[in-house]
Structures are given as C-alpha cells and as structure tokens.
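Visitor: Sequence:
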Amino acid sequence: MALVKIKNDSFNINERIKALDSGYYVVYNSVEHRFEVHNKKQKSSSFCIICDNGLNCTVLDKLRKTKIENIQKLLDEIEESNLRNENEAKRVEMDKAEFKAREMFRYAKKNEGCSFTDSYTTRWC
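Throughout, this note's numbering is defined as the position within the sequence shown, counted from one, plus 17.
Keep in mind that the hints are not guaranteed to be accurate.
Listed next, the in silico EDC-like pairs over lysine to aspartate or glutamate satisfying Cα-Cα at most 20 Å (straight line) [what the hints assert, rightly or not]:
(1) LYS113 with GLU103
(2) LYS84 with GLU115
(3) LYS127 with GLU115
(4) LYS82 with ASP93
(5) LYS22 with GLU32
(6) LYS107 with GLU97
(7) LYS117 with GLU97
(8) LYS57 with GLU97
(9) LYS79 with ASP69
(10) LYS79 with ASP38
(11) LYS79 with GLU115
(12) LYS35 with GLU49
(13) LYS113 with GLU97
(14) LYS84 with GLU53
FRET-style restraints, in silico, Cβ to Cβ [to be verified]:
(15) PHE64 with ILE95: 12 to 22 Å
(16) GLY71 with GLU110: 16 to 26 Å
(17) GLU32 with ALA106: 21 to 31 Å
(18) ASN46 with LEU77: 13 to 23 Å
(19) LYS24 with CYS74: 18 to 28 Å
(20) ALA36 with ASP93: 55 to 65 Å
Please keep in mind that the hints were generated in silico from the structure rather than gathered at the bench. Bear in mind the structure is a predicted one, so any value in this text is a computation, not a measurement. We treat Cβ as the ideally placed atom computed from N, Cα and C, and that holds for glycine.
Construct all of the structure, not just a fragment, from the sequences and the given hints.
Guide: Given below as structure tokens:
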C-alpha cells in the first residue's frame with residue numbers, strides 16, 4: 018500500500034491540522050517517502066500539500082496560508098510576484114539592448130572615416 022494514514026504523531030501536528038479543517042488528514046506516501054496532507058471534502062482530488070521536511074509547524078503555516086478564506090490575498094501575492102518577474106525580465110532586456118547600442122556607438126566612433134554610402138559596399142575602412 019502506497020499511502021499509510023497517520024493517526025497520531027509525537028508533536029500532535031495531526032490534531033492541529035484537523036483543528037484547522039476537519040476534512041484534513043495526513044498520510045505517509047511510502048513510494049515517494051514523504052508526508053502528504055489531503056482533504057476528504059474535496060470532490061475530484063483530495064491532495065493538498067506535500068510535507069518535504071516531515072510533519073512540523075511549517076505544514077500548519079502552509080495550510081493556514083492556503084485556506085480558501087485567504088484566496089484574494091494569495092491571488093494578489095501571485096500577481097505581484099508575476100509583475101516583479103516581468104519587470105526584471107524587461108530590465109534585463111533593456112540592459113542587453115543598451116550594451117549592444119554602446120558597442121555599436123564605440124565601433125562607429127572609432128571608424129569615423131567610413132561614410133554612409135560606403136557602408137553598403139564590400140570596401141572596408
């Protein structure tokens with residue numbers, strides 16, 4: 018059996034998880050070697066979160082943060098993060114474009130003897 022239901026643990030994390038929502042339950046996935054929190058109230062899929070570092074207070078924090086009551090705050094956080102990432106990507110592209118423009122300017126300044134009409138010929142300066 019891949020999923021083993023956890024009924025109690027040494028720090029009562031399981032009980033504290035159930036206090037957040039009575040539908041939550043904790044299982045140990047013996048195939049993936051990790052704890053998982055599921056919710057029996059969900060219709061199609063009961064999977065909620067993965068507990069990578071075992072059952073500890075970070076699991077409770079993650080469950081509190083992702084409760085349905087906090088959906089607007091989470092969506093705002095995601096939108097803000099996406100906007101930051103987009104602005105950073107634009108900044109990187111502008112830096113690349115500025116670098117290339119400076120290189121072209123330096124090259125053109127160094128080769129002032131070239132005329133505009135010569136730029137379309139095979140004659141090199």
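Visitor: If a hint holds in the structure, say so; if it does not, say that too.
Guide: We went through each hint and held it up to the structure:
For the given pair, LYS113 sits about 16 Å from GLU103 by alpha-carbon distance, which is consistent with the 20 Å threshold. A C-alpha spacing of about 45 Å is found between LYS84 and GLU115, which places the hinted pair above 20 Å, so the restraint is violated. At roughly 18 Å between alpha-carbon atoms, LYS127 and GLU115 fall within 20 Å of each other, so this suggested pair holds. With a C-alpha separation of about 13 Å, the suggested pair LYS82 and ASP93 falls inside the 20 Å cut-off, and the hint holds.
For the proposed pair LYS22 and GLU32, the alpha carbon gap of about 13 Å is at most 20 Å, so the pair holds. As the CA atoms of LYS107 and GLU97 are separated by approximately 15 Å, the hinted pair is consistent with the 20 Å bound. Pair hint LYS117 plus GLU97 does not hold up; C-alpha atoms about 30 Å apart against a cutoff of 20 Å. Restraint check: the Cα-Cα separation between LYS57 and GLU97 comes to about 32 Å, which exceeds 20 Å; the hinted pair is violated.
The suggested pairing of LYS79 with ASP69 holds, with an alpha-carbon distance near 12 Å, which does not exceed 20 Å. For the proposed pair LYS79 and ASP38, the alpha carbon gap of about 13 Å is at most 20 Å, so the pair holds. Of the supplied pair hints, the one linking LYS79 and GLU115 is violated, its CA atoms being roughly 42 Å apart against a limit of 20 Å. A distance of roughly 23 Å separates the Cα atoms of LYS35 and GLU49; the hinted pair therefore is violated under the 20 Å criterion.
For the suggested pair LYS113 and GLU97, the alpha carbons sit about 25 Å apart, so the restraint of at most 20 Å is broken. Restraint check for LYS84 and GLU53: the C-alpha separation of about 16 Å stays at or below 20 Å, so the hint holds. Roughly 20 Å separates the CB atoms of PHE64 and ILE95, a value that falls within the hinted 12 to 22 Å. Distance hint check for GLY71 and GLU110: the Cβ-Cβ separation is about 42 Å, which falls outside the suggested range of 16 to 26 Å.
Between GLU32 and ALA106 the beta carbon distance is about 45 Å. The supplied range of 21 to 31 Å is therefore violated. A hinted range of 13 to 23 Å for the beta carbons of ASN46 and LEU77 is consistent with their spacing of about 19 Å. Between LYS24 and CYS74 the beta carbons are some 19 Å apart, a value that agrees with the proposed interval 18 to 28 Å. A hinted range of 55 to 65 Å for the beta carbons of ALA36 and ASP93 is inconsistent with their spacing of about 27 Å.
Checked against the numbered hints listed earlier, the structure breaks hints 2, 7, 8, 11, 12, 13, 16, 17, 20; every other hint is satisfied.
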